[in-house]
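Assemble chain W onto chain L, guided by the hints.
Protein chains: 2
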Amino acid sequence: MTEQANGLASRVTGQVHVIGAGLLGASVGLGLRARGVDVTLEDVSPTTAALAADYGAGRARSAGEPDPALVVVATPPDVVADAVEGAIRRFPNAVVTDVASVKLAPLHELQRRGLNLDNYVGSHPMAGRERGGAIMARADLFVARPWVVCRDADTSAETLALVEAVALDLGAVLLEMTPEAHDRAVGLVSHLPQVVSSLLAARLVPAEEHAIELAGAGLRDTTRIAASDPELWVQILGANREPVIELLDAFQRDVAAFTDALRAADAPGSKRSIADLLASGTNGVARIPGKHGSAARFASITVLIDDRAGQLASLLTELGELGINMEDLRLEHSPGAQIGFAEIAVLPEVAERAVADLQSRGWRTL
Amino acid sequence: MTEQANGLASRVTGQVHVIGAGLLGASVGLGLRARGVDVTLEDVSPTTAALAADYGAGRARSAGEPDPALVVVATPPDVVADAVEGAIRRFPNAVVTDVASVKLAPLHELQRRGLNLDNYVGSHPMAGRERGGAIMARADLFVARPWVVCRDADTSAETLALVEAVALDLGAVLLEMTPEAHDRAVGLVSHLPQVVSSLLAARLVPAEEHAIELAGAGLRDTTRIAASDPELWVQILGANREPVIELLDAFQRDVAAFTDALRAADAPGSKRSIADLLASGTNGVARIPGKHGSAARFASITVLIDDRAGQLASLLTELGELGINMEDLRLEHSPGAQIGFAEIAVLPEVAERAVADLQSRGWRTL
Chain L
1 MTEQANGLAS
11 RVTGQVHVIG
21 AGLLGASVGL
31 GLRARGVDVT
41 LEDVSPTTAA
51 LAADYGAGRA
61 RSAGEPDPAL
71 VVVATPPDVV
81 ADAVEGAIRR
91 FPNAVVTDVA
101 SVKLAPLHEL
111 QRRGLNLDNY
121 VGSHPMAGRE
131 RGGAIMARAD
141 LFVARPWVVC
151 RDADTSAETL
161 ALVEAVALDL
171 GAVLLEMTPE
181 AHDRAVGLVS
191 HLPQVVSSLL
201 AARLVPAEEH
211 AIELAGAGLR
221 DTTRIAASDP
231 ELWVQILGAN
241 REPVIELLDA
251 FQRDVAAFTD
261 ALRAADAPGS
271 KRSIADLLAS
281 GTNGVARIPG
291 KHGSAARFAS
301 ITVLIDDRAG
311 QLASLLTELG
321 ELGINMEDLR
331 LEHSPGAQIG
341 FAEIAVLPEV
351 AERAVADLQS
361 RGWRTL
Chain W
1 MTEQANGLAS
11 RVTGQVHVIG
21 AGLLGASVGL
31 GLRARGVDVT
41 LEDVSPTTAA
51 LAADYGAGRA
61 RSAGEPDPAL
71 VVVATPPDVV
81 ADAVEGAIRR
91 FPNAVVTDVA
101 SVKLAPLHEL
111 QRRGLNLDNY
121 VGSHPMAGRE
131 RGGAIMARAD
141 LFVARPWVVC
151 RDADTSAETL
161 ALVEAVALDL
171 GAVLLEMTPE
181 AHDRAVGLVS
191 HLPQVVSSLL
201 AARLVPAEEH
211 AIELAGAGLR
221 DTTRIAASDP
231 ELWVQILGAN
241 REPVIELLDA
251 FQRDVAAFTD
261 ALRAADAPGS
271 KRSIADLLAS
281 GTNGVARIPG
291 KHGSAARFAS
301 ITVLIDDRAG
311 QLASLLTELG
321 ELGINMEDLR
331 LEHSPGAQIG
341 FAEIAVLPEV
351 AERAVADLQS
361 RGWRTL
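From first to last, the protein sequence lines stand for chains L and W.
Residue numbering for the first sequence follows the UniProt record's numbering, beginning at 1 and increasing consecutively.
Residue numbering for the second sequence follows the UniProt record's numbering, beginning at 1 and increasing consecutively.
Extracted from the complex, chain L is given alone in its bound form (with noise of 0.2 Å):
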């Protein structure tokens, strides 16, 4: 069981209201019941917002109520603004907050308004799943994912300080960054592959049906993402244009010059030049924070199973015995060779006496 399933309490002070009751709308709502916060939920679409209700993630605000402590501001990007500028005017003593995963447009259109930002402070949640909606909502989407606050210098202490508590109540990693190096990163880590995503599966629509059938893991993977929401994406980008088309424009390069090598590719030094430009793929790809989300919060044992469905019962029964608590699994298995690996996160804390354990009982780790 994680922290929140635990019922620890909570950093945050005060009813939450949250605007926007989609996938992370839904998400914030869930992991802040959890803590045992109050939270309350609005949606421009009733279904929606009943929805999440049904689903735990809040209740209905009731007419005259108090303001809440914090707004959180969930809603599509193109309308986040008009939404942070509804917030701000409806409840004038609220912390305001949005989770829109640009940060610098949004910003820029509020200050054009005219409007007092003293408790208002952007932020970004890097988390997601492919498919959106409430329906999508978990309480731990944003355990142990950046969550960035984009503070400045007018950020009073007690308005970043209700922000932070929420990020880290659903288990958030913080991060500050200005709005600037916020969207030049995220460019760059979601804009960026996304677009080519896209446009590397737009290939495959003129494409023969045999040479399809060939598609393996490499294909779906690299092309996974271009399955989201066009809509969402026409926002998104043209909300972050600017470091997008700069990305975009030393991508194209940096295919152009990969081609060249390659059409040149018995000249001398052309094979060099194509392994360089790979290999730097393979460094690119080593700078990226661990596989796994959940990596950074739970520890992983290997446990040998020769034969699966009766071994991985006891198994699972004997750790409910030992009292260690699974927090996920994954079973890597080869049927040919009749051994498989059961491959369990814990919390770190038990980890050692899970395998002691385990290797007492007969079980053989990895």
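Watch out, some of these pointers could steer you wrong.
Since the list gives no way to pick one copy over another, a pair counts as held whenever it fits inside one copy or between any two copies.
Straight line, CA to CA, 16 Å or less: simulated EDC-like cross-link-like pairs of lysine to aspartate or glutamate [said to hold, decoys possible]: (1) K271 to D260; (2) K271 to E231; (3) K271 to E213; (4) K271 to D249; (5) K271 to E321; (6) K271 to D78.
Hints in this document: simulated from the structure, not taken from any laboratory.
Quick caveat: nothing in here was measured; it's all calculated off a predicted structure.
Here is chain W on its own, set in the frame of chain L:
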């Protein structure tokens, strides 16, 4: 349990000799051995050959043994023509195939050398893993994966039958293609994604540390294959130069068109152009068959579990009691919501009964 594990008879008549005991060669050996085939192995590295033999992928050939019925060449691409020539000369009565990922260049090289290719037919199993080597070999590496056979008009029925028997023994799905069509197809579904992924990952090399800290699943997925061995890919791309250059040129034009549309995002129709290009990506992804290699082979049952450790163990125990073999297991859980889903892969023919039996025992299925 899969067919292999049930000890089903092999379709292969006679001994199989594998040249190159890396990931593919050792996996061929493991899979055929599980069917009872007599497999011999060799590798330029005695350590690799010994490791594969220890792993159960086959045995060393003894002096004076009769020719094998089939030789499978599973060497790196740049020595495949040499290895095939060597096999044809050493075992004139054997059928010879190779599993290299490019088919036209080695064929042209063999023809240029004036060899008798009556007993040779090139093939290509679409299977692999990020990390190579015998240690990563799996008997089920080829299960439900396409295996392309590049026959020509001269290929005898006996030659074809023997290579196809190996592919079917290993659980692969047979496809026939000309070498030209094969090379264009793998250019699209494998080589282009590799280059694009590498160049995308290369953009991370000069990035600031704080930007990379924001990396999420999207970046990890799109760049995963960029971690592959650059030397191997120089060989593959060099051998399939023309189709890859054509694809890279087209892709580069797409990147330029997208960047132009984004640059002109305020002009009439530009948002529509951007959305259309992104939607093409969505359409392209939709053409890719089955999300998982096992999709075609297994049916999926989703069972609701409210307390993971204890309930999951009970579920697996009851599956065993019901005589339902679990082929794979994936957990999806939301600790905050105290509810989880176990997605269980079973053979399609038992799926309906499994759901009914589980429901009658009080399990909730989706």
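For each hint, the structure was consulted:
1. Only within a single protomer do K271 and D260 lie at most 16 Å apart by alpha-carbon distance; the minimum there is 11 Å, versus 32 Å between protomers.
2. When the C-alpha separation of K271 and E231 is checked against a cutoff of 16 Å, the pair qualifies only between copies, where the shortest distance is 9 Å, while the shortest distance within a copy is 41 Å.
3. In this assembly of identical chains, the alpha carbons of K271 and E213 never lie at most 16 Å apart, being 30 Å within a copy and 33 Å across copies at closest.
4. In this assembly of identical chains, the alpha carbons of K271 and D249 never lie at most 16 Å apart, being 25 Å within a copy and 19 Å across copies at closest.
5. Proximity of K271 to E321 under the C-alpha cut-off of 16 Å is found in neither arrangement, the shortest distances being 58 Å within a copy and 59 Å between copies.
6. Only between protomers do K271 and D78 lie at most 16 Å apart by alpha-carbon distance; the minimum there is 13 Å, versus 47 Å within a single protomer.
Checked against the numbered hints above, the structure violates hints 3, 4 and 5; every other hint is satisfied.
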